[in-house]
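So the chains spell out like this:
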Amino acid sequence: RKEVEQDPGPFNVPEGATVAFNCTYSNSASQSFFWYRQDCRKEPKLLMSVYSSGNEDGRFTAQLNRASQYISLLIRDSKLSDSATYLCVVKQGAQKLVFGQGTRLTINP
Amino acid sequence: EAGVAQSPRYKIIEKRQSVAFWCNPISGHATLYWYQQILGQGPKLLIQFQNNGVVDDSQLPKDRFSAERLKGVDSTLKIQPAKLEDSAVYLCASSRTEEGYTFGSGTRLTVV
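Protein chains in written order, with the working numbering: chain A, 1 to 109; chain B, 1001 to 1112.
No lab work stands behind these hints: they were computed from the structure.
Errors might be hidden in some of the hints.
[Stated by the list, open to error] Derived DSS-like pairs: lysine-lysine, alpha-carbon spacing no greater than 30 Å straight-line:
(1) LYS2/A <-> LYS1071/B
(2) LYS1071/B <-> LYS79/A
(3) LYS1078/B <-> LYS42/A
(4) LYS1062/B <-> LYS1044/B
(5) LYS1078/B <-> LYS91/A
(6) LYS42/A <-> LYS1011/B
(7) LYS1062/B <-> LYS2/A
(8) LYS1071/B <-> LYS91/A
(9) LYS79/A <-> LYS1011/B
(10) LYS45/A <-> LYS1062/B
(11) LYS96/A <-> LYS1044/B
(12) LYS96/A <-> LYS1083/B
(13) LYS1078/B <-> LYS45/A
(14) LYS1015/B <-> LYS91/A
(15) LYS1062/B <-> LYS79/A
(16) LYS1083/B <-> LYS1011/B
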């Protein structure tokens, strides 16, 4: 079983739609959780951290369910510029980040 | 602040040849990581350094891959000999705090 599992997609949604991604992780001792964004042929960049209480950054909302070992990302009012691969990331041990496969999102005009 | 610098950006080699990648982390970042990202997959950690000591190299194929971080600053990752399945983007990242993880632009390796 993979340590971090994501649906690879691709997700194709119209501009303005709401889209949600999910991710599960296997190690219950995982400490911190993140969503990274990766544009085509670019390096991953931190999008947002994920907290148990849920957190929001503009159109983006992230949630964590530790009991179910489940992380989600919701994008509201999607923009063309949101097209990218979204990587679910879990921190284990001493600053080691474990990445999921990534979910590819394309926003269509 | 300047970002994580990596070179070269691209490299094409034949199988069984050797190749080396270089990384210069952000100044003051004690922790340095090398990740391998195969097309269509997420990055996979190869090795993690804290200053010039190895913290985790459990997923580094040590029969052909080696890495060093002399003086706790720059790092090099070497593959000798390369195989076709080593074709990937090799990403270097550095961090100072628990959450501040910055990636370089990566080196895209093609083994033919």
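Enumerated hints in conflict with the structure, sorted upward: 1, 2, 9, 14 and 15
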